[in-house]
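Position one of the sequence shown corresponds to residue 538 (our numbering), numbered consecutively onward.
Bear in mind the hints are in silico, worked out from the structure with no lab data behind them. What you are looking at is a predicted structure, and each value in this text was computed from that prediction instead of being measured. Be aware that a few hints might be false.
[What the hints assert, rightly or not] Below, a list of computed lysine-lysine pairs in the PhoX-like style, where the Cα atoms sit at most 20 Å apart:
id, residue 1, residue 2
1, 909, 873
2, 873, 912
3, 777, 766
4, 857, 873
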Amino acid sequence: MINGPETSSPALLPMGFVDLLPAEAEAEARGLAEVMDVFSCHGYERVRPPLLEFEGSLLSGAGEALAEQSFRLLDPSSHRMMALRPDMTTQIARIAAVRMQDSPRPLRLSYAGDCVVIGTLGREGQRQISQAGIELIGPDRAEADAEVIALGAEALARLGIANVSFDLSMPVMIWSLIEDSFSGVERDSIIHALDRRDAAAVRDCGGPWAELLLGMMAAVGPAAIALEKLAMLDFPDMLKPHVERLKADVAAILTRLPDARLTVDPVDFRGWRYHTGVCVTVFAMHSREELGRGGRYLAGEEPACGLTLNPHAFLRVAEKPKRRQRCLVPPVMAQKDLSSLHEAGYATIASLGESGEMEQEAHHLRCSHIWKDGKPVVLAR
Numbered sequence: 538m539i540n541g542p543e544t545s546s547p548a549l550l551p552m553g554f555v556d557l558l559p560a561e562a563e564a565e566a567r568g569l570a571e572v573m574d575v576f577s578c579h580g581y582e583r584v585r586p587p588l589l590e591f592e593g594s595l596l597s598g599a600g601e602a603l604a605e606q607s608f609r610l611l612d613p614s615s616h617r618m619m620a621l622r623p624d625m626t627t628q629i630a631r632i633a634a635v636r637m638q639d640s641p642r643p644l645r646l647s648y649a650g651d652c653v654v655i656g657t658l659g660r661e662g663q664r665q666i667s668q669a670g671i672e673l674i675g676p677d678r679a680e681a682d683a684e685v686i687a688l689g690a691e692a693l694a695r696l697g698i699a700n701v702s703f704d705l706s707m708p709v710m711i712w713s714l715i716e717d718s719f720s721g722v723e724r725d726s727i728i729h730a731l732d733r734r735d736a737a738a739v740r741d742c743g744g745p746w747a748e749l750l751l752g753m754m755a756a757v758g759p760a761a762i763a764l765e766k767l768a769m770l771d772f773p774d775m776l777k778p779h780v781e782r783l784k785a786d787v788a789a790i791l792t793r794l795p796d797a798r799l800t801v802d803p804v805d806f807r808g809w810r811y812h813t814g815v816c817v818t819v820f821a822m823h824s825r826e827e828l829g830r831g832g833r834y835l836a837g838e839e840p841a842c843g844l845t846l847n848p849h850a851f852l853r854v855a856e857k858p859k860r861r862q863r864c865l866v867p868p869v870m871a872q873k874d875l876s877s878l879h880e881a882g883y884a885t886i887a888s889l890g891e892s893g894e895m896e897q898e899a900h901h902l903r904c905s906h907i908w909k910d911g912k913p914v915v916l917a918r
């Protein structure tokens, strides 16, 4: 039953939407600032696409893959349908192809912002999600893929996140086989079997590709072992370039990150359908949540690769930022004294009460210090 205006609660939010209160919001802002600083230090220039776009542009081309996850609404001015972005990568591709088409390549762009996704029935989860990421547009080389992954690793390390794992996949291999060899009910059956990792069902539904798919299912694990198993399989000509690129990417990543934890899963085909090559999913060893996801795709007609980090997930495993100590100060204070407190890491709270009530006010406002005799003094408890 839907509550009417007279029974609705101001605390009730739509499913999948939450308030971030001061500590959480502050941690998110500071964590995003650290991540974006890493990207900026490596020459990735920040852009900010709009939250809303016309449906015809946002969900065209590679954006068609976003259609099922997009909220739509009618623009009261133009009477055209608009869509809330569920992902920012295709917007970056549009900016590169249209607004920055004359900028020299390779083009390195970064971004951060909120997206809104529908989710799946009964598993809506968080519908408003934050994203922070980078896109490297122009070169189609393993070294470009490795650069993106290396910067993701550096950004997470900046936040104190250790034991990060990069799981590589090549969804285009599975989709190429499925779309070329299966249709109708058979197609649905093999997709379901692969999604469940059901070897018996893959053998029954896989037709002439059953043995190859089973071999790919067995080639899951640490990159070196997985590549050895893949080398023993008889791939059709249309898939051989993808296998070689996967090997080249592993080599390039290990050149940049010799101690990286790399795994390979050749039958993982999750994610957006616009990916055209190697994809990566990022995990921390002590968390079950994805910290990020990315891969190779086409930005218009240009090859591109990117990585999108999930702040809601990585902040749960990042080192907790130290909260600023709060110092109650007089309502009027010399700027040099305020600046010295800020440089020392204090948050200054200006008193709005009488001077005789300062200590009581400081306790009330959760201050740890009070400005007294020209310096911050620990507040007696």
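(message) Just to be careful, I want the Cα atoms of residue 909 and residue 873 compared with a cutoff of 20 Å; is the pair within it?
(response) holds, 15 Å
(message) Tell me if the straight-line CA distance from residue 873 to residue 912 falls inside 20 Å.
(response) holds, 12 Å
(message) For a C-alpha distance cap of 20 Å, please report whether residue 857 and residue 873 respect it.
(response) Measuring from Cα to Cα gives roughly 30 Å; hence the hint is violated.
(request) Could you grab the alpha-carbon distance between residue 777 and residue 766 and see if it respects the 20 Å cut-off? (result) Since the Cα atoms of residue 777 and residue 766 sit roughly 14 Å apart, the hinted pair holds (cutoff 20 Å).
Hint compliance for this structure: hint 4 is the single one not met.
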